[in-house]
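**Student:** Everything in the sequence shown is counted per our numbering, starting at 481 for the first residue and increasing by one.
In short, the hints are calculated from the structure, not lab data.
Just so you know, even glycine gets a beta-carbon here, dropped at the ideal spot from N, CA and C.
Don't take each hint at face value.
Computed spacing ranges between beta-carbons, pair by pair [stated by the list, open to error]:
#	residue 1	residue 2	range
1	A520	P554	13 to 21 angstroms
2	R577	A508	20 to 28 angstroms
3	T578	L550	39 to 47 angstroms
4	L492	V558	20 to 28 angstroms
5	L515	L495	17 to 25 angstroms
6	S579	Q540	45 to 53 angstroms
7	G532	P497	40 to 48 angstroms
8	V484	A523	16 to 24 angstroms
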Amino acid sequence: MELVIGVPVALLLGLVPAPKRVRLILLALVWYVCLAAQTAWLARPERTGFGGVDGLAAVQFNPDQGSAALTYWPLQPVLALLMLGAFSLADRFRRRRTSA
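Construct all of the structure, not just a fragment, from the sequences and the given hints.
**Tutor:** Shown next as structure tokens:
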């Protein structure tokens, strides 16, 4: 969900002519909502996550079920940085286009 929704929204927010602080706050809210919705969706019984992993095992660490949660949670800041990178690229493009 963060990749499908978050990255395009980050690109759009990077292109919006508004104060950067406001756009970054909106980007953080989008990331948070996407993370919450994705985690809630995966935590439902009998859901499978990426790679066929049990969804509940991916979001909740249980030593008996393996270490899928050790992949899911550390990956979330990486996805946030990806969204921030997309935002920064779009913002840089917008600034170059308006100054030229």
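**Student:** Could you tell me which of the numbered hints above are not met by this structure, giving the numbers in increasing order?
**Tutor:** none
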